[in-house]
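Protein chains: 2
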Amino acid sequence: MTGSNRVKLKPGDTIGILGGGQLGRMLALAAARLGLRCQVFSPDPDSPAFDVVLNATCAEYADVEALELFANDVDVVTYEFENVPSAAAMVLAARRPVLPSRSALETTQDRLTEKDFVTSLGIRTADYADVSSLAALREAAFLIGQPAVLKTRRFGYDGKGQVKIHQGDDLERVWAELGTKSAILEAFVPFEREISVVAARAADGQVECFDVTENEHRDHILKVSRAPAAIPDALAEEARDIASRIATALDYVGVLAVEMFVVSNGRAPGVLVNEIAPRVHNSGHWTLDGASISQFEQHIRAIAGWPLGKPLRHGHVTMTNLIGDEIDSYEQWLTVPGATVHLYGKGAARPGRKMGHVTQVSPLPPKQG
Amino acid sequence: MTGSNRVKLKPGDTIGILGGGQLGRMLALAAARLGLRCQVFSPDPDSPAFDVVLNATCAEYADVEALELFANDVDVVTYEFENVPSAAAMVLAARRPVLPSRSALETTQDRLTEKDFVTSLGIRTADYADVSSLAALREAAFLIGQPAVLKTRRFGYDGKGQVKIHQGDDLERVWAELGTKSAILEAFVPFEREISVVAARAADGQVECFDVTENEHRDHILKVSRAPAAIPDALAEEARDIASRIATALDYVGVLAVEMFVVSNGRAPGVLVNEIAPRVHNSGHWTLDGASISQFEQHIRAIAGWPLGKPLRHGHVTMTNLIGDEIDSYEQWLTVPGATVHLYGKGAARPGRKMGHVTQVSPLPPKQG
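As they're listed, the protein sequences go chains Y and U. Under UniProt numbering, the residues of the first sequence are numbered 1 to 369, in order. Under UniProt numbering, the residues of the second sequence are numbered 1 to 369, in order.
Here chain Y stands alone, though its shape is the one from the complex (with noise of 0.2 Å):
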């Protein structure tokens, strides 16, 4: 197989997966269930995905010789954080296909390039501007207002890389506080709702979407979904229609998210993108129980080159995630009725760290008449 992104896997073919936490674990077990085998690649010796393959490489991602010998021993290579070094998917890419691809990550590494690529599709962002020295923050703050949120432009998850800019901050401290020459000033946006759209794309142009969810956060970690979102029909059907575009407009291959705010502004509510995710995604979680194909078994279907299937939702569906000592609970949540326990392997649980998740789901109500 070379490395062009058309690919056709069959049953017992191998699929390399960078990175070991929880969601290339649920990835390995979702493509075992479609009889295919994971090999997962992780520097960490203690990653969760380990557990359910059985062949794992541990080293590090700018290590080239284990990256070439893992390429041979796979037919294809996914990841499940958007955060792989360019380097590292260069090397892979030469050998096997890449999927997402590069330029996929490419595009989403960068806060900037991200908004400047949504922006460039007609869907509204926040306001936005490049900042790479004190002199720009001053001029963009001035621009955007406050409050705001300063952000480095690569490498910020739940939180970390960002720092919110409130009226008569000294912003001279702000900028040697976030420590880093490339950055992104956004104004803040005062949501009604977060919400995410799941989707996937196959290689021949097939979208398929799951439900508008909808997302509570706390300390900037994810901590509740909900889908369906209570939004209005024709906000949730924008809302995958842009999740659609973003996905045909990077030529994507695989699950992706795009989390989006709720906002009103007094008007009619309407959606800003806020950031897209080029993989699964915890928001995405409750469809390992409440619909009929999981976000896993999507991308695993799409980066194999099979069809994708339709997502129907069983009701209405709530995910929770046990994070850090939360994973305490799980002998009360074993005995809810309905509720299913997933519990990742991992180790300590520190706090913040997502630890696992419990899905709720409600049937439909009976259709009157």
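Hints are computed from structural coordinates only; laboratory data are not their basis. Hints are all accurate, no fakes.
In silico lysine-lysine, BS3-like type, Cα no more than 25 Å apart, as pairs:
| # | chain 1 | residue 1 | chain 2 | residue 2 |
| --- | --- | --- | --- | --- |
| 1 | U | Lys164 | U | Lys181 |
| 2 | Y | Lys223 | U | Lys10 |
| 3 | Y | Lys223 | Y | Lys160 |
| 4 | Y | Lys310 | Y | Lys10 |
| 5 | Y | Lys10 | U | Lys223 |
| 6 | Y | Lys164 | Y | Lys223 |
Please arrange chain U on chain Y, whose structure you already have, making use of the hints.
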């Protein structure tokens, strides 16, 4: 942990699974979702369950040293097949809890012991007789009549180790054909339906039965299961009650399946027990997609000392086995709306080999009124 049956696993603990087929594989996948590790022991280097665990032991069941090392690595031992050699179970049970217990294995490994046990509970079976010689076969054939089925007492499955006897058959030839001195003659049951009940029992005595399943065999191999079985409620209640009583009488911990015949003989229909499988069972595969908890998770919860779930069925469920080269139809199945495809990752699609299965769920019709 000692050899006691009082097990209480913590997330991150390890379950040892004897047997590396699709049942072991699906048990390991269910355990992974609960944050538990598995180690698989199997003599077959191509075991499909090896693909989904980090640690595997490839050794013969008679290899005492390998069994001891395996026991040292795990916190509890279970199995995916009833023909676990008694000596292996004994070696393991001296070091770690083995669940279900050796006594449940011993009762169900021998068709005669099993039928004696079932009838001792006041539960009906087909007429049967112990046959250890040609003379005994002649006498049993006279008493039981024809047609009848001569079966080896041990190690039969999927129609192997059995011969049907018709009026006028040469019993000497039949006896020679079976080639054992340890057999049982069973009256052939002109059944209306074949059904099964998959039941889970926890160490504290809690029993949870899945809904009664109706099974259709082809060439002695399960082809289609449907849940619920199209039988009157009272009969379904009787079938579930039988499974519960058997599990309780065996002081069973884990999942078992009881295969039964529905017979009427012109009278009100009744149920005869055909066979007990002390393990997860092909006729329970529909629970993976068609119920709020699967038979695999119930088994893992039971042997982990965790509370069982209360299974709720999602609708009318059909499970179709993909046998031999029927696996080649997986691509068509992937396109069937609502169908969930499971492939076992086996190599050669030999005739009669179970390669995968497909589940289809029709949502429950809305309740009227």
